[in-house]
Amino acid sequence: MSVLAYLVSVWLFVVGIYGVVTSRHLVHLVICLAVAQSSTYVLLLGIGYRTGGQAPIFGDIPTSTPVVDPVVQSLTLTDVVVSATVSALLLALAVQAHRRFGSVDPDELNALRG
Amino acid sequence: MSRRVRSVVALVALGALGTVLVIAVTGLEPFGHYPGPYGDVLAKVVPGERHTGQLVAATVFDYRGFDTLGEEMILFAAVCGAAALLRVRRRKREEAGTPARPAPSFATRATGAALVGPVIVFGAYVIANGHITPGGGFSGGVIVAGALVLAYAAGQVVRLRRVGSIALLEGAEALGAAGFLLLAVGGLIAAGALLKNFLPLGTSGLLLSAGTIPVGNVAVGIEVAGAVALVIAEFLEQALLEEPE
Amino acid sequence: MTALQATCLIVVAVLGALVVATRDPLRQAAVAGIFGLALAALFLSVQAPDVALSEMTVGTIVIPVLVLLAMAKIREHDE
Amino acid sequence: MALAGLAVVVPLLAAAVLAGTTSLRARRVADLVALAAATAVTGLCVALVVRTSDHSIVSWMGGWHPRNGIALGIGLVADPLSAGLAAFASFLTVVALSIAWHQIDTAGHLFHALVLSFLAGMVGFCLAGDLFTAFVFFELMSVSAYALAGFRVEERAPIEGSLSFAITNSVGSLLLLIGIALIYGRTGALNLAQIGVALTHRPPDALVAVTFALIACGFFVKAAIVPFHFWMADAYAVAPTSISLLFAGAMSELGLYAIARIYWSAFAGPLGPHIDTLRDILLILGVATALVGGVMCGGQRHLKRLLAFATVAHMGILLCGVALLTHDALAGVAVFVVGDGLVKASLFVAVGALEHRRGSVDEVALYGRGRDLRALGTVFAVAGLALAALPPFGPFLGRAMIEDAATTEGRGWVAPLLLIASGLVGGAVLRVVRTVFLGRGPVPPEHPACRDADGGDELDRDPGTPVATIVAGALLLMAGLAWGLVPGLVDAATSAAARFTDHLGYVNLVLHDAPQAAAAAPGHPPTGTAFLYGAASSLLAILVAAARTVPEGPLRPLHSGRIGDYVAYAMVGAAAVAVVFATTLV
Numbered sequence: 181m182s183v184l185a186y187l188v189s190v191w192l193f194v195v196g197i198y199g200v201v202t203s204r205h206l207v208h209l210v211i212c213l214a215v216a217q218s219s220t221y222v223l224l225l226g227i228g229y230r231t232g233g234q235a236p237i238f239g240d241i242p243t244s245t246p247v248v249d250p251v252v253q254s255l256t257l258t259d260v261v262v263s264a265t266v267s268a269l270l271l272a273l274a275v276q277a278h279r280r281f282g283s284v285d286p287d288e289l290n291a292l293r294g
Numbered sequence: 654m655s656r657r658v659r660s661v662v663a664l665v666a667l668g669a670l671g672t673v674l675v676i677a678v679t680g681l682e683p684f685g686h687y688p689g690p691y692g693d694v695l696a697k698v699v700p701g702e703r704h705t706g707q708l709v710a711a712t713v714f715d716y717r718g719f720d721t722l723g724e725e726m727i728l729f730a731a732v733c734g735a736a737a738l739l740r741v742r743r744r745k746r747e748e749a750g751t752p753a754r755p756a757p758s759f760a761t762r763a764t765g766a767a768l769v770g771p772v773i774v775f776g777a778y779v780i781a782n783g784h785i786t787p788g789g790g791f792s793g794g795v796i797v798a799g800a801l802v803l804a805y806a807a808g809q810v811v812r813l814r815r816v817g818s819i820a821l822l823e824g825a826e827a828l829g830a831a832g833f834l835l836l837a838v839g840g841l842i843a844a845g846a847l848l849k850n851f852l853p854l855g856t857s858g859l860l861l862s863a864g865t866i867p868v869g870n871v872a873v874g875i876e877v878a879g880a881v882a883l884v885i886a887e888f889l890e891q892a893l894l895e896e897p898e
Numbered sequence: 032m033t034a035l036q037a038t039c040l041i042v043v044a045v046l047g048a049l050v051v052a053t054r055d056p057l058r059q060a061a062v063a064g065i066f067g068l069a070l071a072a073l074f075l076s077v078q079a080p081d082v083a084l085s086e087m088t089v090g091t092i093v094i095p096v097l098v099l100l101a102m103a104k105i106r107e108h109d110e
Numbered sequence: 336m337a338l339a340g341l342a343v344v345v346p347l348l349a350a351a352v353l354a355g356t357t358s359l360r361a362r363r364v365a366d367l368v369a370l371a372a373a374t375a376v377t378g379l380c381v382a383l384v385v386r387t388s389d390h391s392i393v394s395w396m397g398g399w400h401p402r403n404g405i406a407l408g409i410g411l412v413a414d415p416l417s418a419g420l421a422a423f424a425s426f427l428t429v430v431a432l433s434i435a436w437h438q439i440d441t442a443g444h445l446f447h448a449l450v451l452s453f454l455a456g457m458v459g460f461c462l463a464g465d466l467f468t469a470f471v472f473f474e475l476m477s478v479s480a481y482a483l484a485g486f487r488v489e490e491r492a493p494i495e496g497s498l499s500f501a502i503t504n505s506v507g508s509l510l511l512l513i514g515i516a517l518i519y520g521r522t523g524a525l526n527l528a529q530i531g532v533a534l535t536h537r538p539p540d541a542l543v544a545v546t547f548a549l550i551a552c553g554f555f556v557k558a559a560i561v562p563f564h565f566w567m568a569d570a571y572a573v574a575p576t577s578i579s580l581l582f583a584g585a586m587s588e589l590g591l592y593a594i595a596r597i598y599w600s601a602f603a604g605p606l607g608p609h610i611d612t613l614r615d616i617l618l619i620l621g622v623a624t625a626l627v628g629g630v631m632c633g634g635q636r637h638l639k640r641l642l643a644f645a646t647v648a649h650m651g652i653l654l655c656g657v658a659l660l661t662h663d664a665l666a667g668v669a670v671f672v673v674g675d676g677l678v679k680a681s682l683f684v685a686v687g688a689l690e691h692r693r694g695s696v697d698e699v700a701l702y703g704r705g706r707d708l709r710a711l712g713t714v715f716a717v718a719g720l721a722l723a724a725l726p727p728f729g730p731f732l733g734r735a736m737i738e739d740a741a742t743t744e745g746r747g748w749v750a751p752l753l754l755i756a757s758g759l760v761g762g763a764v765l766r767v768v769r770t771v772f773l774g775r776g777p778v779p780p781e782h783p784a785c786r787d788a789d790g791g792d793e794l795d796r797d798p799g800t801p802v803a804t805i806v807a808g809a810l811l812l813m814a815g816l817a818w819g820l821v822p823g824l825v826d827a828a829t830s831a832a833a834r835f836t837d838h839l840g841y842v843n844l845v846l847h848d849a850p851q852a853a854a855a856a857p858g859h860p861p862t863g864t865a866f867l868y869g870a871a872s873s874l875l876a877i878l879v880a881a882a883r884t885v886p887e888g889p890l891r892p893l894h895s896g897r898i899g900d901y902v903a904y905a906m907v908g909a910a911a912v913a914v915v916f917a918t919t920l921v
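Chains as they are written, first to last, in the numbering used here: chain X, 181 to 294; chain W, 654 to 898; chain L, 32 to 110; chain H, 336 to 921.
There's no promise every hint is true.
[Claimed, not checked] Computed, partial: chain X to chain W, Cβ under 8 Å:
{"#": "1", "residue": "Ile197"}
{"#": "2", "residue": "Gly239"}
{"#": "3", "residue": "Thr243"}
{"#": "4", "residue": "Phe281"}
[What the hints assert, rightly or not] If you want the ones that stay clear, here's a sample from chain W, every Cβ over 12 Å from chain L, calculated:
{"#": "5", "residue": "Val661"}
{"#": "6", "residue": "Val662"}
{"#": "7", "residue": "Ala669"}
{"#": "8", "residue": "Val709"}
{"#": "9", "residue": "Gly783"}
{"#": "10", "residue": "Gly794"}
{"#": "11", "residue": "Ala820"}
{"#": "12", "residue": "Gly824"}
{"#": "13", "residue": "Leu835"}
{"#": "14", "residue": "Ser857"}
{"#": "15", "residue": "Leu860"}
{"#": "16", "residue": "Val877"}
{"#": "17", "residue": "Val884"}
[As the list claims (entries may be wrong)] From the structure, some residues in chain X lie toward chain L, with a derived Cβ separation under 8 Å:
{"#": "18", "residue": "Val222"}
{"#": "19", "residue": "Gln234"}
{"#": "20", "residue": "Pro246"}
{"#": "21", "residue": "Ala268"}
It should be emphasised that the hints constitute simulated quantities derived from the structure, not laboratory data. Virtual Cβ for every residue (Gly too), placed ideally from N, Cα, C.
Produce the complete structure using the sequences and hints provided.
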């Protein structure tokens, strides 16, 4: 059980990238990439977790309470934003690709080869 | 590669990579045993030095504020990029004139308009309390953006004032980004180091406390609200206003 | 690890695979929204409310909305 | 000491101002503001280089100095190499913005804001002393680059190129981020020096080896190391010329810089016992990249794709320099980056000018049509010879230092293979001189490739503009040639590299504020053998230029243009590197 979180993270990475490789639709591909990216959220938060630890916010709890790591949460916040922005940019490109190529199948974009 | 060969190649490669990753993660401390030291050190020093119990906000906006600066600019660059990629066409269409579209029913608009106010208030609340409770500039900013899109959907569907509203959102996004940057420079000028706190720390737990952290939250909130609304607006332009070709 | 965390992890793993396996982007956007919610629940269960809130706003609102808009554009063009 | 932070904040502020006022200002205002900001950043970075000539400088964001060897905040570390690379990147940005001055296709909204955020990403990345900060600024650079690559959105090729660029590089960033998460799980630290200390506390295991593999692969994607390189020709060929110049001259190089920085600050301790194995693995990748780049370069008739594959070949040579893991070789890398970057920038400028004059970048379509463009032809010819490492110019000096270091480390086989690679690259450029500017000899065979990628940059048809552009190209070229003749360069680069590779000195500087002594390491000027190799590769280049075609073997079909293929190859590469590292480095 102690490695379940890490295994789930590896799993998300593998299925996400598999989806990217085999995707037939650019929008589908972008969402698969976001799934792969979510592996890092799970990994980071899993690493920073402490059994019995409280959320790292000393509002109602005394400052001596054991808390989970605030650093990984800060990193994950950044990660979530970065992932979302890249998705938005890719979706914009997908819309344009559809307009230029009349297709959203990544294999049918054929302006560049060799 | 044919699709079949490619998926076999990918399966083999990902199988190998996944196996190596699993071997690697077994070398980590077991789940629930965060070893530190970084987070523990911060948990010890933050309440005393930054007068806030919100360790995540203190990390995001102060101790690792430089990362956040970079992150906000990633958002900024991505939105500029998406706008640039989507916009070329709009300029062309504007020259061709605005297509007329059916107006939504009064009920739709009224419902939308009635929701805008409360959602904005809620978003602002989340932003303003980011240094005390979970939330902050990012989440709050997205909520405010949601309200802006709601307003857009409720009132503007008839005939979107493109140039005006887009320029406004662009301005908000840039203002938020510049605000955070100026906060960083303010630290340099007033306290001698980039991003260093230069405002009174106040009493922990109050709305006006923790020095620059809530200011950073507000700047990020404005930027995120502008950025998310802008990117949605650009997509809306693409999605709804385009005449079939 | 609590039972809640284990449940959330397994749900996330299953939903993640389901998102990838859903090949129709419109349906996928809906599944991805649920996946985002499951992630947010997982984050809450590991005491990360800040991240949960962000994931909820991004994963279940921003991304699905953008996907729907992109698809609206693409579909309209196909017709 | 605020120079480092300001060098990041200044371009970002300018970008925010420009983006916030798109509807209010004239195009020229944006040009001027962007140029002024980029020039200011160049000045700040040069000032950093000067100030760090005696001792490296760490500036702590937020004023959070480390306590008891634990970093609380984020430090920017400036030394002659990191600040020098940042200065070079910002200089190229100034060049790119000047070139873009005359381009209609860059007049669109937000171009300047994106270039400035790209610049800030590069500078922040060079100076970052923290692994996650490096990731953030790497992403800032990447996201801006994706948008810039696809900026000519009215055409098909840029959309496809930008998509394949963005998707493959996002996967690369993902590998990098997993590596960062794992290293944080092991050490509880993000500061590079602190990671370096923590990693020495226990013997290296699979986790450490795989972590280094993932981080390296993440950067290999950006640096276009085989088999992670497929996206590069697509992205570089479709970007506006000014942006291609920036990509080829600075962005790719940053990927390899990061590997050197992270190895020497964090992993030198635990991986030190296996340094010989690591050297061989990286050398094989480097040589393979150089050769693949060289061969593919010879097969291109689209001039920007040709230069993109030339960049792949040069990244291979640079990886060989990094792979040797000695300060002598690293000094060669530093010299090569600047010399090669200047010469390649001049070639991109020349291609842009040719496109302007003749409306095409297709070698076959241009056959013989450049006879009257003597100045441009001369730039091409001299640059081709320089890229073929003709002594004693800039690219030669860098390659020679790397080759000599390889021979010193008992890897005599590296130098002849690098010779072939630069001979092929130089030959491809010289062939263009023969076909386009002289109109002599056999026409290169038709390739179905990149039919639509030939779209012009839609340059201004003002006949007065290109003169300034050609002068800029010639100046860049002369600077690249003269770079090999700068007195004392070898010694200075070697000393800078010696300080860069001083792991303990770095740790003490960052975590304990102990000034890092300037390491006076004697430089080794190129040996006689190196001159011989330089002459040989120049000769090879001339022979290649005369030939009709270069045998490519099965390489070209692999470059299928399909994003799914590219990601699959990258995963094969990542799996291979991770398995090899995990089995040999523990």
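Consistency of the hints with the structure:
1. Ile197: For Ile197 (chain X), the interface hint holds, since the closest Cβ of chain W sits about 6 Å away, which is under 8 Å.
2. Gly239: holds (5 Å)
3. Thr243: This hint holds: Thr243 (chain X) lies near chain W, its Cβ roughly 5 Å from the closest one there, short of 8 Å.
4. Phe281: violated (14 Å)
5. Val661: holds (17 Å)
6. Val662: Check passes; 17 Å lies beyond 12 Å.
7. Ala669: holds (19 Å)
8. Val709: Val709 (chain W) not clear of chain L: closest Cβ-Cβ about 5 Å, inside 12 Å.
9. Gly783: violated (9 Å)
10. Gly794: violated (9 Å)
11. Ala820: It holds; Ala820 (chain W) is separated from chain L by about 21 Å at its closest Cβ, greater than 12 Å.
12. Gly824: holds (21 Å)
13. Leu835: With a cut-off of 12 Å, Leu835 (chain W) remains clear of chain L, as the shortest Cβ separation is near 24 Å.
14. Ser857: Non-interface label on Ser857 (chain W) holds, nearest chain L Cβ at 18 Å vs cutoff 12 Å.
15. Leu860: holds (18 Å)
16. Val877: Violated: least Cβ distance 9 Å, not greater than 12 Å.
17. Val884: Val884 (chain W) is in fact no farther than 12 Å from some Cβ atom of chain L, at 7 Å.
18. Val222: holds (7 Å)
19. Gln234: holds (6 Å)
20. Pro246: violated (11 Å)
21. Ala268: Holds, about 6 Å.
Consistency note: the structure conflicts with the earlier hints numbered 4, 8, 9, 10, 16, 17, 20.
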